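Asker: Sequence:
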Amino acid sequence: MLKKSIMALTTLVAITCGAQYLSHSQYRQQVKQIVADFNQQNEWQLNQTVLSSNWFQQQEQWQLTGNLSQLGLDPQPIELHVIQQVSIWPLWLEGKWQVDPEQASYQQWLSDLNLTAVPHLGTWQANLLSQKLQQQLRVDSFEHNYTELALSFKPMSISTVSDLSFQQGEATLSWQGMELLDSQQNGDHIHLGKVEASETFSQRQQWTLVENASWSVEQLRLQLGQGETLLKLQNLSVNNSFSEIKQNAYLSLNTELNSFILREGAEVFQLDQLILRSSLGGVPMQSLIQLAQSKYTSLSSDERDVLVQQAVSNGIEWQLDTLMFEVDSSYNSLPLQGDINLAGKAKLLPFELDQVSRPIQLLRYIDLNLVIDVGDQLFNQSPLSAYILALRNAGYLLHEEGRDRSELIFNDNEFTMNSMPVN
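202 is the number of the first residue of the sequence shown in the working numbering; add one for each residue after it.
Each hint should be verified, as a subset may be incorrect.
BS3-like cross-link-like pairs, simulated, lysine-lysine; straight-line CA separation at most 25 Å [what the hints assert, rightly or not]: (1) Lys395 with Lys433; (2) Lys297 with Lys333; (3) Lys447 with Lys548; (4) Lys433 with Lys355; (5) Lys355 with Lys447; (6) Lys297 with Lys447; (7) Lys233 with Lys355; (8) Lys355 with Lys395; (9) Lys233 with Lys297.
Have a look at the derived ranges for each label pair, beta carbon to beta carbon [unchecked claim]: (10) Gln262 with Val362: 40 to 46 Å; (11) Ser460 with Ser502: 45 to 51 Å; (12) Gln404 with Thr324: 21 to 27 Å; (13) Glu457 with Pro551: 31 to 37 Å.
Please keep in mind that the hints were generated in silico from the structure rather than gathered at the bench.
All values derive from a computational prediction rather than experimental measurement.
Just so you know, even glycine gets a beta-carbon here, dropped at the ideal spot from N, CA and C.
Given these sequences and hints, build the entire structure.
Answerer: Given below as structure tokens:
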């Protein structure tokens with residue numbers, strides 16, 4: 202009995218040691234691969250330095266260097282140092298990290314903003330058995346008073362769930378918003394309500410495909426010039442999805458907006474109950490992949506033109522299921538009041554690049570069918586009202602039951618409204 206217990210214990214210890222060794226080995230390999238892939242695919246550079254290590258713990262410093270111009274911002278070199286503590290267990294790893302506030306560009310950034318720190322903590326857990334990786338970055342609330350502004354930043358959380366190699370997964374963001382107030386108490390402010398976002402992604406041959414993406418803003422309010430300018434946005438939500446149908450790529454676009462108001466002095470522009478349902482696509486998936494990969498290769502202009510030509514070989518389709526909203530504008534340049542409802546479809550027909558030297562020549566390759574349905578009071582206060590009346594009298598607009606309706610068809614052979622030729 203004792204012999205069996207000793208053998209079982211020995212076996213358990215051996216398995217545990219083997220699993221612990223596997224954790225160390227896989228972590229080293231994963232870090233090496235992450236650094237190599239990042240440095241190959243980006244103009245920025247990422248490096249890891251092990252500060253201390255034992256059987257169960259490892260302390261590291263990660264260094265990220267680059268230039269903000271590579272992000273489309275004003276040129277400025279940047280260097281960030283991240284301190285990370287890694288705990289290593291049999292088939293399980295976890296880490297905690299923070300940007301070092303005492304080194305490199307982060308210290309200068311804090312100094313420029315008159316901040317002592319931005320409270321944040323990054324964590325991650327890796328399960329080698331399920332091959333699952335969970336990551337989270339949490340930024341806690343903080344406040345700061347500047348000479349003329351008062352900042353109140355509310356909690357933010359960014360998290361991802363993916364496989365260990367980050368080849369596919371889901372990312373989410375939840376931010377309670379922020380406020381920026383004018384300390385002179387003249388009423389000027391920026392208020393951002395709750396922001397949420399999520400996306401599912403996968404890696405496709407050196408590029409990232411976002412298959413589904415959604416984000417929403419609960420409220421945005423901006424007041425400037427002691428109330429002279431006011432912008433308000435209420436309940437904006439966007440949901441986009443990518444799909445592949447018969448080896449062609451399609452993007453579905455869906456947007457809803459409860460209210461948007463822009464006021465400048467006595468002039469007000471307001472949109473309410475906006476709904477957009479649309480899709481765009483028809484590009485061969487393989488051509489799209491090749492175009493994405495060309496970002497990481499040095500191609501001549503002729504080689505790039507070949508890829509673009511392949512991408513438009515089937516044409517590009519646009520389907521507008523609906524675009525509807527209510528509008529009320531007192532702007533002198535755009536007086537409107539009523540509702541608008543549009544639906545239709547369009548296609549950019551296949552064409553040869555060498556046959557198009559100016560954008561206007563693309564009109565020859567457009568096939569458009571658009572159904573227009575608007576309230577007949579929409580242009581009553583506009584200088585266009587006389588033009589709208591003329592369109593009704595000519596039969597281009599069907600006027601009945603308080604609505605103006607028309608079907609517009611435009612292509613290389615036809616330009617009609619309500620089946621009547623447009624001269």
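Asker: Could you run down the list of hints and mark each one as holding or not?
Answerer: Hints, verified against the model:
1. Lys395 with Lys433: holds, 14 Å
2. Lys297 with Lys333: Given that 25 Å is the threshold and the Cα spacing comes to 17 Å, the pair holds.
3. Lys447 with Lys548: holds, 18 Å
4. Lys433 with Lys355: holds, 20 Å
5. Lys355 with Lys447: Violated - the C-alpha atoms of Lys447 and Lys355 are around 45 Å apart, more than 25 Å.
6. Lys297 with Lys447: violated, 44 Å
7. Lys233 with Lys355: violated, 36 Å
8. Lys355 with Lys395: holds, 9 Å
9. Lys233 with Lys297: holds, 19 Å
10. Gln262 with Val362: 40 to 46 Å: The hinted range 40 to 46 Å is violated for Gln262 and Val362, with Cβ atoms some 27 Å apart.
11. Ser460 with Ser502: 45 to 51 Å: holds, 46 Å
12. Gln404 with Thr324: 21 to 27 Å: Because 23 Å falls inside the window, the suggested range holds.
13. Glu457 with Pro551: 31 to 37 Å: holds, 34 Å
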